[in-house]
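A.B. asks: Here the sequence shown is numbered in full-length UniProt numbering, starting from 1 and rising by one per residue.
Hints were generated in silico from the structure; no laboratory data involved.
These numbers come from a predicted model, not from an experiment.
C-beta: ideal position from N, C-alpha, C; glycine also.
It is possible that some hints are incorrect.
Mimicking EDC-like on lysine to aspartate or glutamate, the simulated pairs with C-alpha atoms at most 20 Å apart in a straight line are [to be verified]:
1) Lys-7 - Asp-61
2) Lys-7 - Asp-60
3) Lys-7 - Glu-114
4) Lys-7 - Asp-27
5) Lys-7 - Asp-100
Here are the simulated distance ranges between beta carbons [as the list claims (entries may be wrong)]:
6) Ile-82 - Ile-174: 37 to 47 Å
7) Asp-137 - Asp-61: 11 to 21 Å
8) Asp-60 - Phe-153: 18 to 28 Å
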Amino acid sequence: MSSESAKLVFAGPVGAGKTTSIRSLSDTAPVSTEMPMTDGAMGEKTTTTVALDFSMVLLDDGTPLHIYGLPGQDHFSHMRPIVLEGAVGVIVVLPGDHDDIEDACERWLRSIREISPGIAIVIGITRTDLSRGFRMDAVRRAVQRCGSPVPVFTFDARDREQTSHLVRALLLSIG
1 MSSESAKLVF AGPVGAGKTT SIRSLSDTAP VSTEMPMTDG AMGEKTTTTV ALDFSMVLLD
61 DGTPLHIYGL PGQDHFSHMR PIVLEGAVGV IVVLPGDHDD IEDACERWLR SIREISPGIA
121 IVIGITRTDL SRGFRMDAVR RAVQRCGSPV PVFTFDARDR EQTSHLVRAL LLSIG
């Protein structure tokens, strides 16, 4: 990385753990556009990101890493090209306890690649501990249908070290 700065984006469906991931990485409180969910709560989740989340952390070499989180709801999809502009990579966060993880994976990969072809992508899957039926092969099938390989990891979005591992994997993939 250069000593100027870099931009990284977290993307994925509502409730996957994007905002939680950003909070776990941040040394200070991130800027967040969380608002009450108009469609009702999803379990314990009562708010959702409506524009973006933003934070900054310093990498080991002193490079400022600007971290953005995309809203997961489709009616905020107009924010995707705006937030993705200039990003070095994307971490797609998927909830392992959702039955439609394979379809969600494919939709998010295709959406990101349509906006930013060739951008580096890593997939992080949360909440696999809450799903007896989680199968990594479902995610791998979706990745295969979308073309070029993408690293896939399970992680706890609340854990700074596990979330940092995803960031390091992404940064290593772009050289």
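A.B. asks: Kindly indicate which numbered hints from before are broken by the structure, ordering the numbers from low to high.
C.D. replies: 5, 6, 7
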